[in-house]
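Q: Chain by chain, the residues:
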Amino acid sequence: MSEADLLFKALADPSRRKLLDLLYAHDGRTLGQLCAHLSMTRQAVTQHLALLEGANLVAVVWRGREKLHFLNPVPLQQVYERWIRKFERPRLAALDALKKGLEGDEP
Amino acid sequence: MSTDPERNTYVYVTYIRTTPERLWEALTSADWMRKYWFGIHAESTFTAGAPWKLVFADGRTADTGEVLEADPPRRLVLKWRNEFREELKAEGYSRCVMELVPEAGAVRLTITHSIARPGVRFVEAISGGWPKVISNLKSLLETGQAALSG
Chain A
79 MSEADLLFKA LADPSRRKLL DLLYAHDGRT LGQLCAHLSM TRQAVTQHLA
129 LLEGANLVAV VWRGREKLHF LNPVPLQQVY ERWIRKFERP RLAALDALKK
179 GLEGDEP
Chain B
3 MSTDPERNTY VYVTYIRTTP ERLWEALTSA DWMRKYWFGI HAESTFTAGA
53 PWKLVFADGR TADTGEVLEA DPPRRLVLKW RNEFREELKA EGYSRCVMEL
103 VPEAGAVRLT ITHSIARPGV RFVEAISGGW PKVISNLKSL LETGQAALSG
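Going down the list, the protein sequences come from chains A and B. Numbers given in our numbering equal positions in the first sequence, counted from 1, plus 78. Numbers given in our numbering equal positions in the second sequence, counted from 1, plus 2.
These are calculated hints, taken from the structure and not from any lab test. It cannot be assumed that every hint is accurate.
As the list claims (entries may be wrong) - Heads up, incomplete: computed chain A residues facing chain B, CB under 7 angstroms, no partners named:
#, residue
1, 102
2, 106
3, 108
4, 109
5, 117
6, 137
7, 151
8, 155
9, 156
10, 159
Just so it is clear, CB atoms sit at the ideal spot from N, CA and C, and this is done for glycine as well.
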């Protein structure tokens, strides 16, 4: 499955969007802290988090024996750029100049 | 929970189809940086203990700090403080860790930026900036173009 497929599959489920909302409100939570806000089994939350991690929407940081979950906004930025940022004309012009400067610049 | 250090930590992850060496070069060379960081570049030797600063296209200093660790092309740790907005400068130094891990034909770049004490403005300042910069970097390395030009 492509990166985009994984991303949209991950976003297609309301429980997973709820998890992202929880992390957006307060990053760096453990599984237990997330479970306290959801009416799902621990196992279901674990599976949703694994899918979000697979789509790179959630990043995990180990602190000692604690696994902390962070919302990773980079893939969403890429979606935004793909369809929306194009309409920001001034920046578009600036980056067009950048593109011209860059072509043939592969090290 | 306002003293919870995790509230002041932001993690950004992206997979870039390139090599660790090339990504390290893109993260540390001024010529590369200007192309994806909206004209901003860094000045440093990128060795442990060396001073480090970010400079705007017009020459003004954006941020200053120090290289805490440098292990090319794997790990770079910076001590980082804003210099151009008084209220941000007052929040003191943050710590930025960049980790490059090769993974199946790509490199996993993880940027962890944190500040020791609660800093609302720090959060505003970095959370708007990093996703754009990282996304642009990925596009540039993978396609030779910054994100918008397509």
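Q: Which hint numbers doesn't this structure obey?
A: 1, 3, 4 and 5
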